[in-house]
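So the protein sequences, as listed, match chains H and P.
Numbering-wise, my numbering puts 1586 at position 326 of the first sequence, and it's gapless, one number per residue.
Numbering-wise, my numbering puts 1463 at position 203 of the second sequence, and it's gapless, one number per residue.
Just so you know, these hints were derived from the structure itself, not from any lab.
It is possible that part of the hints are untrue.
Treat identical chains as interchangeable: a pair holds within one or across any two.
Stated by the list, open to error - Here are the simulated BS3-like pairs of lysine-lysine, each with C-alpha atoms no more than 27 Å apart in a straight line:
#1 Lys1358 <-> Lys1745
#2 Lys1551 <-> Lys1732
#3 Lys1691 <-> Lys1417
#4 Lys1358 <-> Lys1505
#5 Lys1732 <-> Lys1691
#6 Lys1431 <-> Lys1691
#7 Lys1485 <-> Lys1358
#8 Lys1298 <-> Lys1745
#9 Lys1394 <-> Lys1358
#10 Lys1539 <-> Lys1431
#11 Lys1551 <-> Lys1688
#12 Lys1551 <-> Lys1431
#13 Lys1551 <-> Lys1539
Number of protein chains: 2
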Amino acid sequence: MFADAELNHRLDRRTFERREPALRRALLDAQYRLLEQKRSALVLLPLGEPGAGRTEFVNALLEWLDPRHVEIHAYARLSEEDRERPPLWRFWRDLPPKGKLSIYLQNWYSAPLHRRLMRDLGRVPFLAALERIKQLEAMLHAEGHDVLKLWFHLPAKEMARRLEALAGDAKTAWRVTREDRDIARALRRRPEIVERALRETSSAECPWTVIDGHDRHWAKFDAGKRVLAALESLLAAPAPGPVPKPAPATRPPTRPNVLASLDQTLAIGASEYEREITKWQARLAHALRRKGFRERAAIVVFEGYDAAGKGGAIRRVAQAIDARFVRIVPIAAPSDEERARPYLWRFWRHLPRHGQLTIFDRSWYGRVLVERVEGYCREADWRRAYGEINEFEEQLADDGVIIAKFFLAVSPEEQLRRFRERARTPWKRFKIGPDDWRNREKRIAYDHAIVEMVARTSTDSAPWVMVEGDDKQHARVRVLRSLVKRIEATL
Amino acid sequence: MFADAELNHRLDRRTFERREPALRRALLDAQYRLLEQKRSALVLLPLGEPGAGRTEFVNALLEWLDPRHVEIHAYARLSEEDRERPPLWRFWRDLPPKGKLSIYLQNWYSAPLHRRLMRDLGRVPFLAALERIKQLEAMLHAEGHDVLKLWFHLPAKEMARRLEALAGDAKTAWRVTREDRDIARALRRRPEIVERALRETSSAECPWTVIDGHDRHWAKFDAGKRVLAALESLLAAPAPGPVPKPAPATRPPTRPNVLASLDQTLAIGASEYEREITKWQARLAHALRRKGFRERAAIVVFEGYDAAGKGGAIRRVAQAIDARFVRIVPIAAPSDEERARPYLWRFWRHLPRHGQLTIFDRSWYGRVLVERVEGYCREADWRRAYGEINEFEEQLADDGVIIAKFFLAVSPEEQLRRFRERARTPWKRFKIGPDDWRNREKRIAYDHAIVEMVARTSTDSAPWVMVEGDDKQHARVRVLRSLVKRIEATL
């Protein structure tokens, strides 16, 4: 990775000063076009080798660009809020909307690299972290957020020489921190760590650019040119055309399948219902009060056909829990702030803290259900979503979050009966609209999407539970029992 | 306040059960209409007297309503993030969008009431906190967020009797915490505190409702009916009509005025500029590194005519500060999440943490400038905004935030020259659009708005600094010098 960056490129001061104004104008122009086209670029500059010119470059970049449309991200220590979420949460939370140019002084590389260099992270978790980063960046790229990655390089000897020179001069000695020395030593002794990190995470879409840090004018100018080239190449990419409407599905999914094998005759009587619901609600309340849950969180996802009984089931779960520790997040059309970011952003922003249970009334699975069926996104988008969703849920599970996912099914006949009842009953009339009748006509297309969703996203850490919903009482008990067992088994 | 609530109202269980279904249906119906009309209601239930039925009512309300569209707010201890902002910040952060019904178990009354009861807050700061609350609620009401406030009351003796009964029974003794006893004792000994709080903050728009907590069925049913009545009354309020266009202004504001008295011939030469800018940037950097600033934050507001040089001045300020500690927030049209909340929300969400300086490139003054002139809000709205803005800035100042406000003026002739130059220069063409030419034609109307803004919102803790902008170098030095002096004087 570093061969080219060790050729001692140079640029004398006068040439630099002559060329700088043109570079600045071109960068500014690219920045405004980015804003206009609502593209977004994330410039990552993780630690870097001390003395190689990273800080000087960031200052120059801020000079060149219009600082009003640049966001600087620097992550110091973890806050309480950060510590109670998966490691990538803090980056998701601050993810800039489209149209911004963001500079990341610290970023998702910082902690794994730093910890690995300081021997605080083993080889296997380090590689796992890199793999996670690679997936994050691929997703960002696919969602229109380009990632530019710069590494400022100095050969080990030169780095040591510069640090000593700085430390030896009384006027500059304060700039050399103990951490700089530790990192410099680790970089010198184990250069393979950075080499590996850069190699593993250099993809066709998000390659690393290594800057020769030997000469400061060269480093600044070369890095500026590289950023410019990257911005121009992303601005030159043609805007995606309109999303083609999906072909209507005519044949139901091949049998047997998870929907066809549901037994909608399952039902329980009123007295059994009362007994069971009380029992499982009490056990749920008890489970969530256990000490182990204080270090964990839970997410309950509800998907299902319209009028399958999601609302009633959600109510029975929420009832059992102290109102302070449960949140229900109803998912409807995204806000414009949500549309300006990758589609998972709106769910990351609602992740529970420790000791909390969050219920999603519809969820990120909208991508592979309604968005797929209605043609709100491209086929390529919902096809990659399966992997992105699995990766998202794996991050939650790795962080100790308990995930329970319920799909509530209702037969077409029972659904029709409920629709008619809703239309008739004054205080239920808000629960039915033209969309519901339209969705009903697309049932075959939805069935295909549901069968594929369950097949691709039922994982060990987050399995789907299919619930027969024709009898509401049966469905509610089934949801509660299954949720309680999942929580009890995990704690 | 409590006379009516001590008449021992009663409702027997059977009557309650007979009437409950109709109440529930009516509440549900009101809730859905709220959602449909995008109105929002905040139900506040601060501490309340132990044993008076507050918790039981909240549980009942959650049973009655569709919990998917209810938000529960419970504020436990202050987080790091909370502690570095004004006390009301945490409530602003979570302020629900229009269409939600929110239940506040803790709220802006909780801390002042609790601290006053525990003798941790003097009479004067207590009354000041109540006054602040009153202003907050008046603003919420004016912005379409209704506040319903319920106090569950029990006479002191009865409260004591109930606590003893609970504590005496082994099965319920755990429910009585030490805090309950402390609060009960304080309420008994100093009943005037709650009485005063309720009286002071009962306004025509946001009155307190006191519920007789003697009989639990009565308390639950009566509180439910009161919430229903409040919701129905707010739903019955006619929707506001379209905002009338403001009449065009033809005569300039009376002289002398802050704009007419600016001396646009002020200018400095290149070498003086270099010397001065370097000097004041260094002093700014130095001032922000002082220890005192770690416990404070700073906000710098820039307003001004188009092309008055805001961007250049902002850049010179930002340059002087370590990029990690400065943020620039450009204010353009609000997002839909912002439009669904009171207009100050979008600024509260960008308040700096301790040690940070935030630059607002245009600000909350948009309300009394562009919104007033263009008729984006009613006259009543921008008229009340002066007071709301002063109150907002006072809260910031009370919390130790340093506020500096600059208005950059440019003469019509110089503005025209700059517009033409922008239109001509390729990399400046993004800085000029049809809006700028239109605004120029409304200069007289803007001048009226500016003169009134400066007169009404120049306060001791946040004075306006008017800057002559015809000479950019003069303007930049003036801004930096004034900012540094303000920060140095405060620290």
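Taking the hints in turn, this is what the structure says about them:
For a Cα distance limit of 27 Å, the shortest separation of Lys1358 from Lys1745 qualifies neither inside one copy, at 42 Å, nor across copies, at 38 Å. Taking the shortest alpha-carbon separations for Lys1551 and Lys1732, neither the intra-copy value of 33 Å nor the inter-copy value of 63 Å comes in at or below 27 Å. In this homomeric assembly, Lys1691 and Lys1417 never come within 27 Å of each other (Cα to Cα): the closest approach is 70 Å inside a single copy and 47 Å across copies. In the homo-oligomer, the alpha carbons of Lys1358 and Lys1505 lie at most 27 Å apart inside one protomer (25 Å), although the nearest pairing across protomers, at 33 Å, exceeds that limit.
Taking CA atoms no more than 27 Å apart as the test, Lys1732 paired with Lys1691 passes inside one copy only; the shortest distance there is 17 Å, against 60 Å between copies. Neither within a single protomer nor between protomers do Lys1431 and Lys1691 lie at most 27 Å apart by alpha-carbon distance, with minima of 72 Å and 42 Å respectively. Proximity of Lys1485 and Lys1358 under a CA criterion of 27 Å is satisfied intra-copy only: 22 Å inside one chain copy versus 47 Å between copies. When the C-alpha separation of Lys1298 and Lys1745 is checked against a cutoff of 27 Å, the pair qualifies neither within a copy, at 46 Å, nor between copies, at 39 Å.
Taking the closest pair of Cα atoms, Lys1394 and Lys1358 come within 27 Å of each other only inside a single copy of the chain (21 Å); across copies the shortest separation is 39 Å, beyond that limit. Taking CA atoms no more than 27 Å apart as the test, Lys1539 paired with Lys1431 passes between copies only; the shortest distance there is 19 Å, against 73 Å inside one copy. In this assembly of identical chains, Lys1551 and Lys1688 lie within 27 Å of each other by CA distance neither inside one copy nor across copies; the values are 40 Å within and 61 Å between. Taking CA atoms no more than 27 Å apart as the test, Lys1551 paired with Lys1431 passes between copies only; the shortest distance there is 22 Å, against 54 Å inside one copy.
When the C-alpha separation of Lys1551 and Lys1539 is checked against a cutoff of 27 Å, the pair qualifies only within one copy, where the shortest distance is 21 Å, while the shortest distance between copies is 58 Å.
In summary, the numbered hints that this structure violates are 1, 2, 3, 6, 8 and 11.
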